[in-house]
Amino acid sequence: MAPKYAPSLRSRLAPLLLFLQAGFITIYAFFVEVDSSVKVNEKTFSNFYPEFQDVNVMVILGFGFLCTFLVRYGFSGSGFNLLVAVMATQWAITLNGIESWYYTGKIRINLRSLVVAEMCTASVLISIGAVLGKTNPVQLIIIALLEVSGFVLNEWVLQTLLKVRPLNGIMLLHIFGSFFGLVLSWILYRKGSELRFEKEKFDRKTGLFSMLGTVFLWMFWPTFNSILVDDRTPGRKLGAVCSTYLALAVSAVTAAAVSLLSHPKGKLNLIQMQSCMLAGGVAVGVSMSAVHQPWEAMTIGFTAAIISTIGFQYLKIHMLLAFQCHDTCATLSTHGLPGLLGWLSHLLLQIKDSDDHATAIWFAVFHICTLLITITISLSVGIVTGLLLKWSFWRPPQNNKCFDDQAFWEFPNLAVRK
Amino acid sequence: MAPKYAPSLRSRLAPLLLFLQAGFITIYAFFVEVDSSVKVNEKTFSNFYPEFQDVNVMVILGFGFLCTFLVRYGFSGSGFNLLVAVMATQWAITLNGIESWYYTGKIRINLRSLVVAEMCTASVLISIGAVLGKTNPVQLIIIALLEVSGFVLNEWVLQTLLKVRPLNGIMLLHIFGSFFGLVLSWILYRKGSELRFEKEKFDRKTGLFSMLGTVFLWMFWPTFNSILVDDRTPGRKLGAVCSTYLALAVSAVTAAAVSLLSHPKGKLNLIQMQSCMLAGGVAVGVSMSAVHQPWEAMTIGFTAAIISTIGFQYLKIHMLLAFQCHDTCATLSTHGLPGLLGWLSHLLLQIKDSDDHATAIWFAVFHICTLLITITISLSVGIVTGLLLKWSFWRPPQNNKCFDDQAFWEFPNLAVRK
Amino acid sequence: MAPKYAPSLRSRLAPLLLFLQAGFITIYAFFVEVDSSVKVNEKTFSNFYPEFQDVNVMVILGFGFLCTFLVRYGFSGSGFNLLVAVMATQWAITLNGIESWYYTGKIRINLRSLVVAEMCTASVLISIGAVLGKTNPVQLIIIALLEVSGFVLNEWVLQTLLKVRPLNGIMLLHIFGSFFGLVLSWILYRKGSELRFEKEKFDRKTGLFSMLGTVFLWMFWPTFNSILVDDRTPGRKLGAVCSTYLALAVSAVTAAAVSLLSHPKGKLNLIQMQSCMLAGGVAVGVSMSAVHQPWEAMTIGFTAAIISTIGFQYLKIHMLLAFQCHDTCATLSTHGLPGLLGWLSHLLLQIKDSDDHATAIWFAVFHICTLLITITISLSVGIVTGLLLKWSFWRPPQNNKCFDDQAFWEFPNLAVRK
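Chains Y, X and A are the protein sequences, given in the same order. Quick note: the first sequence, position 137, residue 644 per the numbering used here, numbers continuous. Quick note: the second sequence, position 288, residue 795 per the numbering used here, numbers continuous. Quick note: the third sequence, position 401, residue 908 per the numbering used here, numbers continuous.
For the record, the hints were derived by calculation from the structure and aren't laboratory data. Take these hints with a grain of salt, some might be off.
Since the list can't tell identical chains apart, any single copy or any two copies may satisfy a pair.
No more than 25 Å apart at the CA atoms, straight line, and that leaves these computed lysine-lysine pairs for DSS-like [to be verified]:
#1 Lys859 to Lys772
#2 Lys774 to Lys823
#3 Lys823 to Lys897
#4 Lys774 to Lys708
#5 Lys698 to Lys897
#6 Lys774 to Lys706
#7 Lys708 to Lys698
#8 Lys897 to Lys670
#9 Lys859 to Lys774
#10 Lys613 to Lys859
#11 Lys774 to Lys897
#12 Lys706 to Lys670
#13 Lys708 to Lys670
Bound-form chain Y, shown alone (with noise of 0.2 Å):
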């Protein structure tokens, strides 16, 4: 292996898509089909599509530029997150479909299981914040595929076991995700990570195009947590909005405030406020059947901002150092905590709800259950795929090759920047 060049992935990347896709056009052709029942009292399509495609420019422009702030890596950031969402998401949208296929033989397909797919979807997109710049995209579609598996495993075992309503178990993604990647990035340690790599920083106009992501994100989570809430009574699924919405101003302002109190000359610094003000959404998220009141919801954006924001500025060097484990993205402060912080506010609130000791006690052990499932399952995939993707098979790139787009783009005028 000559150690100039970034291993090449014809031979690996071509097949393996090509091989995926036409397994994907297999599998839809017997099974998929439109879902053309449509009852009167549902939700009419005009309705829902405007907020769909909240979700899937989220997706797909805000998860995808958010990756953007690297200053040599713009191009992988936006192009293998497209490419990535669009494999998990058809994946997805079987897996969710077997139970559908068991009893009717039919996979039907519709707005709302696009959406779900969608947010199977979102968790591998934060995984994989976690090891940006140091896979390549054969190693992303890999972990596409088995996060996804595992992903609808944990919702499949939520939802049997411990009858958790699939709304709330969705909404664990924030926590799953950021499990499954940081567990990733401990198995894909490389040596001499301690230094900083030379190519990960950002710069003026790289900054701006996060911002663009991230301002996307940001806009549009009061969608993304009130998508699946009922609207059989509005003001259920208005509440969530306002919450969202709020929790996220609040996390704004507050991530901007500690962000400044942290940095040792008392100056903001962009990409850690671009992770920080997404944490109220994450948070509200996860405890969004529990939330009733704004002021809960700003409560938990405000606690949400300050556990992120001190977890970007100390955590991340810390799990580096001492877990050797490097996370890109900071995925542990942007959806790890909030994501915890949202489930013990779950916690909190249903228990002030609750009538009775026993009510309560008994949503205790059962809330803490599923938290526990879900880490365990998130780690233990996280486990096997890290190990099959240390495999040298996949041709991983050589640490000077990290977050470089040269190892996978084509620039076809070297002297691009005179």
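Got chain Y sorted already, so can you dock chains X and A onto it with the hints?
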């Protein structure tokens, strides 16, 4: 004060943000709840939500990226815009709800109240355009709070004294914001501004970022003008959308043509075109309730673009040299002059439509009073705000740190642009 | 004519724009009014508005930023696109309303007529991609007016002679626009184009800007294909959305795989991938009314991406060397070939679904006539337009000013890129 470094904001901005945010959470805890009373005849949630998101995109992304054209001020342009927007919106929700609080003890929030609050915020973001790059975020937050208060006061005065309809009052936001910004910028004038600021310029990439923001404002402006139009008469709302759409189209063409004519070498100026192609939307917004035919909207758009482009070309430098008023984003020609034109068009169209002479004169008197009150309140609150901001306690950036992100933002690698 | 400076456009573009705009305002004053007749059974305003905005975003932002990939041509790419779009839309509204004007004396505009007009505009924007960078805005405006006229004529011929349904006729816009652009680019061929233009390249940042435009096109393409589908049968519309969504997903994966395979070093090419991942949307759009199963759409998307990627890799250079046709944005492989594939798929699927032999043959004859008429009109109007544009009165940019913003845009500080 060391002249080399911009003063640190840690001891000013962080406590201010945390104090205000804690205050808002307390207020919301006692007085704010989600509006769960959904009347059957009212617009349902699903119909209104996409339009709410359009306005949200305009306020957060549109105005934010419009301000990224300065070559070294993109982080601040988009980041501080977000910070100001969320503070102003939280404050506007509170102030707008005072009447409801007075009668029922509670402020009820729903999508409509969020939209109204974001429109108050828009007037703040317009003002901030005038002082962009010459103020620090502490000052921007103070501007936000005081201007929202002034704007809500103006609304209240207009509605109570003159029985102006809420929609017409809100649409004066362009005039209010523009004059507020101008007087601020006049009071905060810095010696030495007659010479061009060294960093006040754009480049190929920042021009495209601000194009992005402009285009989002331009595309969603029909929503901005029509969202509060009563939809019990659907034709009225469609009329507002079509009028704004056509006026914006005409504006864009006219702005390009006049920009070419007024340039000595017959070239286009991107920043000028960006500002002036929005003029039609402003003017039609202010005169909306009197515009009934597409061609009226198009003529208003045509005139607005001419005035705005000429204002940008000649008035901006004149304001600086003659009145010592440095208007970074040319808010006078983007929002002020087209707003006044819209006001005048409203008057003329209403007089034309009047049946008899007496009604016409009556309306004219009321309409002139509306404008005078708005400008008076805008200028008064602007002067108070400006005098407060001159206090050096707020640590404004030095002249040589104006228009520079490095005063506020951390750049981990100084050699970022290699 | 000094060879060093690009010719000034003041005496050409400004009068043209003002004259046309004044003309449109006059036409609209006499003949256009807002459609206030809202039938109860029709789709209401609120349901249709978000989809209208999606199409608007595609036309203004999507196509505009798609054209920003050229390293020194971003202002022109996005700015001229906007200018052309608004002129073409105003003209298309007028021409599409001629029939209504003939019968009722008035052209009535509503959201649907705006959408149809924007689709005519889309065909212009496709053509312009072929001559991007080698024409000046005066020429682009002339192209816009003539091509819209040709496209509306084609619609009328197809509907009158062959009774083609309006939706199917409009979807031929990809074929029409692509062939129109090709013949234009063939007639406007410049000596010396066999050598690569010096400035025809992209860099890290412009690649991301065009990624942004592409991603918006990609995300909202399901709206583009489904918006005009009759929604009295909601399943039909849902089918259109799901089919387009899946076809685009398959396209993206396949484009990446084929791009890898066809590159000598096994790398991805971002611009190629951007063009080719849209191919599925094009092909499914053209064949929409015959696609009933998800797998059919996916197979079409798969084939379209393969054809498109191979076309981009080998055909583009072949067209240049053998036919002297320099196609900047590869419209042939992005819109032309996938459009033809969609046409063919439509034919095959319809034949497969036919009950008897006679109907199938009958349909095939009609379908082939539709294509032949479209291509004939497209090429004829294209040739006329091209010959008109060759006239040096329009002051096209010199060869060394091609692909350069400085021919048209003011850069106040020449040292902008320090």
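Going through the hints against the structure:
| no. | hint | in the structure |
| --- | --- | --- |
| 1 | Lys859 to Lys772 | neither (42 Å within a copy, 62 Å between copies) |
| 2 | Lys774 to Lys823 | within (19 Å within a copy, 33 Å between copies) |
| 3 | Lys823 to Lys897 | within (23 Å within a copy, 40 Å between copies) |
| 4 | Lys774 to Lys708 | both (17 Å within a copy, 24 Å between copies) |
| 5 | Lys698 to Lys897 | within (13 Å within a copy, 54 Å between copies) |
| 6 | Lys774 to Lys706 | both (23 Å within a copy, 20 Å between copies) |
| 7 | Lys708 to Lys698 | within (19 Å within a copy, 37 Å between copies) |
| 8 | Lys897 to Lys670 | neither (36 Å within a copy, 61 Å between copies) |
| 9 | Lys859 to Lys774 | neither (39 Å within a copy, 57 Å between copies) |
| 10 | Lys613 to Lys859 | between (43 Å within a copy, 23 Å between copies) |
| 11 | Lys774 to Lys897 | between (39 Å within a copy, 22 Å between copies) |
| 12 | Lys706 to Lys670 | neither (47 Å within a copy, 60 Å between copies) |
| 13 | Lys708 to Lys670 | neither (45 Å within a copy, 57 Å between copies) |
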